[in-house]
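Chemist: Next come the chains, spelled out residue by residue.
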Amino acid sequence: MGDILAFAEQKDGEIRGVAAEVVSVAASRAGELGGQAHAVVLGGAGIGEGADGLGAYGAEIVRVAESESLVTYNPEVYATVVAEIARSGNYDAVLFPATALCKDLAPRVAALLDSALASDITQLEVDEGELVAVRPVYGGKAFARIRFQCSPAVMSLRPNVFGVVESPASGVVEVVTPSIEDSGRSRVIEFQASRSGSVDVSEASIVVSGGRGMRGAEHWVLLEALRDALGPDAALGASRAVVDAGWRPHGEQVGQTGKTVAPKLYFAIGISGAIQHLAGMRTAQTIVAVNKDADAPIFGVADYGIVGDVFEVLPRLTQEISDSRSE
Amino acid sequence: MNSIVCIKRVPDTEARVRIAEGETSIESDGVKYIMSPYDEFALEAALRTKEEGGEGEVTVLTLGDDSSQETLRAALAVGADAAILLQGTVTVDGLATAKALAAELKQHDPPLVLFGVKSGDVDQQQVGPMVATLLGRPCASSVAGFTVDGDTVVCRREAEGGVEVVELDLPAVLTITKGEFEPRYASLKGIMAAKRKPLDVKGAELADSKLTVERLEYPPERAQGRIVGEGPDAVPELVRGLREEANAL
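Line by line, the protein sequences are chains V and X.
Here our numbering is used: position 63 in the first sequence is 94, and no number is missing along the way.
Here our numbering is used: position 248 in the second sequence is 279, and no number is missing along the way.
Isolated chain X (complex conformation) (with noise of 0.2 Å):
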């Protein structure tokens, strides 16, 4: 079966954030930028379809500069058969994002379009969603496991409280959560091979951002905490502390 996976280039999770000047953008300099983590279950939940399924090919898509490439070339390296970018300005609007992927989607018509359930970066949790009401196709979020069954697919989603399994129509699009979905590596072979797998460069139909950042800041400083001891005996100043002056009791 075929499937599009829609990723995203962020700066690594464990990177320190600077704030660039002009207040609206982080400094990229000396930033090591990956792939979105949930993208990363999202492309090995499609490989695995397309193992199991013995046929398909997985595309992997990104909306981004020519430094995504890189991003795709990795994907590829771990198994994508083929990569598409749109090049263009991210936002943080994710519905002029959603519009792009959309229109290039559209002319693809997978039965499957995964997504990472939030990108790594501005964590809006909104894109999946709304490039599936954009196509007017069903649509399940943080899915954490699924099976396609002929021209369905079973979904067990992370809900409030539990799991619960719903039953889309194909075509469909998923937004996965880490789940059973553990990346594999690229290896050696991979990597070789990728640089020989198509990687198509086009631009992106970018609607005007409807959001605007006007101003990045750093989380405020919390005031100094203090030890209130060592060991067991701490215990009952900690909670009069609590009870007393937090009042968070």
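Extracted from the complex, chain V is given alone in its bound form (with noise of 0.2 Å):
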């Protein structure tokens, strides 16, 4: 009893680093339970080298599942042997990070276990024994406590909130030969990479977002250039006013009728702030808001705020953060 397991995602036969963050929840909160953190890899051959790596954030045992049908997502076949693993054991919860794979992958597990789902949580407590998971709902304009009548439960955890937590335990690769059912109704024919070809604005540690103040698509290349300055870790957003003008996909739209993001830094640039807008973003750790209407409601819920033309202000502070970073 106690035990939690934490599916630790791969990508291109590397485990990504979101799934530091779901085992290092897994290992707390399994702490609190009384039981154990176990982690689970999906993979080709190989994939398991390195997967004891999850023990320096508390997996005691991870469970790897190696089969040249699980080299790529194939959602049938995931589900089917994340199910079977998690069935494996006697666990109190699966965790997934709440990642653009996962947000398909849980809800089919939870349905193959018969358990209910938790999406997107951003906080996983444990209350007299039983977890307590609190999640935004209506867009983040509130937010629900949560409680489970199943065991599993499942979760998916926002990326970025948790944080990543080192507590060495011994990472045991356990390798599963699982078995494999492709119906075959479903094939991927190809992808097609983005240009921006970076992160998701949903899972990116920084977001620099703009709004009607940038005034044309034409003038994304400022953003642009911001979001270069950032580093690998920065995605561009967008308000719902730019998509609806088609100046940016809906994709990258932050707000209740696009992605909730809660990012450690998020920038606001020529956004004024609907409340659609504001409930899909407070809950970023520091807020930068670039406006030149000095009651547009963004400063509200700005850290930071420059009131002024974003076109003067947006070349000086990529130039700045440039100078800041190469030092």
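Everything labelled a hint here was simulated from the structure, so no lab data went into it.
Note that the structure is predicted; figures quoted are calculated from it, not measured.
Positions of the beta carbon are idealized from the N, C-alpha and C atoms, including for glycine.
Errors might be hidden in some of the hints.
[As the list claims (entries may be wrong)] A short, non-exhaustive set of chain X residues, derived as facing chain V with CB atoms under 10 Å:
1. Arg188
2. Arg227
3. Ser240
[Said to hold, decoys possible] Covered by chain V, per the in silico footprint, the following chain X stretches (three or more residues, Cβ under 8 Å):
4. 44-54
5. 115-127
6. 254-265
[Unchecked claim] Estimated spans, in silico, between C-beta atoms of each pair:
7. Arg257/X <-> Pro346/V: 20 to 26 Å
8. Gly87/X <-> Pro346/V: 30 to 36 Å
9. Arg47/X <-> Gly44/V: 24 to 30 Å
10. Gly87/X <-> Asp275/V: 29 to 35 Å
11. Ser182/V <-> Arg257/X: 45 to 51 Å
12. Asp275/V <-> Lys220/X: 33 to 39 Å
Put the complex together from the two separate chains, hints included.
Modeler: As structure tokens, this is what we get:
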């Protein structure tokens, strides 16, 4: 009892950074429940090498499923294998990171386990020996404290919110040979990498968002320059007005009808701060706003604000941040 | 080609949220309710598929109380041919919802079942893939565009870092994101016609919810921030604050 299983996502054969966060949470909560954290990794031959590294974040056992069929994500196959591994233990909970991949995978696993799923949670507590999750509802306008009447409880954790904690455990790798049943009814034909090719806005630790104050799609080069100056963990976001105007793709939209984000650092550039936008980004750790209107609602949630013309402020900001990072 | 679009009635995304007494629900008085925005994209996708194929029916299906009839009528006004209301209480347990929908969908077995990628209220992004799993159908999520080609459907889905093109055998379940599906408006003629279209009301087969909302809370207030200055000259102070105070760079 009290054991928690953490899904450690891999990409291109490497275990992703988000895995450390999910394993950390599993380890600390399992500790409170009197159990152990286990991790599960799916991939092709050799994925198990280095998987013991998850021990550094508290995984006692790392269950590794190796198969050629697991090199890339196939929803039905992945769901079946994760559910099989989840059933092989006596887990109180199965945790996923709320990444693009796991938002597709976790509901399928939950359905196979006949368990409820709390998605995109932002807190996880142990109260009187039970797990209590907190998650945003209504696009972040309220938060719900949720209890589970099922075992295992299935959850996905919003990236960047929980943080990584090192707590050494044995990290024993157990390679399992999963039974693969691929119906073949779903076939990936191709993957078209986006030109920016970077991290998704919902997983980025830094987000640079532009609003109507940017005055046109052609001015996004200024935001791209700021993003590039902030390094590889930064991604572009956009307000709803900008997406509705067709300046930016919907995948970048931050807010209740787009993506809710919780990065370490959020830049709102030329965004006035509609209620549904504020709801989607107000849990960011640090918020910076640049807007020419000193009364814009965005300044009500910003930690740092500059009142001014974005076209004057942006180049200077990009320059200063570049200088600051190269020091 | 026949399709069923699963929709949900939710508070307007521009609405303010007030937590009701008991702290487990929100005040609905004075709040405008709408079809969840992503469901509008799914409905649009179904209508276009029907138009392009030149045949078939679009049915909208929802789980909810009687007020959801209004949402179903709105979908009929936009162009859906028939509607089904499964009467029951919607909880935050998406699997309970998925089971109720799956039980109904089994009786119709349409080649295409469409969902909005997520709901505009609880935003769990789970019911579509759960229904697919329960029905044993292939499923593509976050679909921004698709083409039906004989017995298959080729979907362009928003994946991390790009677009994944995936081909599914029909029957299939898709969850739809905005992509190319800018929703149409209801015409006056459509609104009149909707009144005569079939709206079937029946009881839902609802399992007990395995998730309980213990309490709703407002988001934590953010500490009062500060305006560091005006114009580009304020930038050095901002960068200093980000580096030294917020430790964010």
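Chemist: Decide, hint by hint, whether the structure agrees.
Modeler: Structure-based check of all given hints:
1. Arg188: With a closest approach of 9 Å, the Arg188/X hint holds.
2. Arg227: This hint is violated: Arg227/X lies away from chain V, its Cβ roughly 32 Å from the closest one there, beyond 10 Å.
3. Ser240: At 7 Å from the nearest chain V Cβ, Ser240/X passes the 10 Å test, so the hint holds.
4. 44-54: Per the Cβ count (5), the hint holds.
5. 115-127: With 5 residues in contact (Cβ-Cβ under 8 Å with chain V), the coverage given for the segment 115-127 of chain X holds.
6. 254-265: holds (count 10)
7. Arg257/X <-> Pro346/V: 20 to 26 Å: The hint (20 to 26 Å, Cβ to Cβ) holds, given that Arg257/X and Pro346/V are roughly 23 Å apart.
8. Gly87/X <-> Pro346/V: 30 to 36 Å: Roughly 54 Å apart at Cβ, these two residues miss the hinted range, so it is violated.
9. Arg47/X <-> Gly44/V: 24 to 30 Å: violated (47 Å)
10. Gly87/X <-> Asp275/V: 29 to 35 Å: Given range 29 to 35 Å: holds, Cβ gap about 30 Å.
11. Ser182/V <-> Arg257/X: 45 to 51 Å: holds (48 Å)
12. Asp275/V <-> Lys220/X: 33 to 39 Å: violated (27 Å)
Hint compliance for this structure: hints 2, 8, 9 and 12 are broken, all remaining hints hold.
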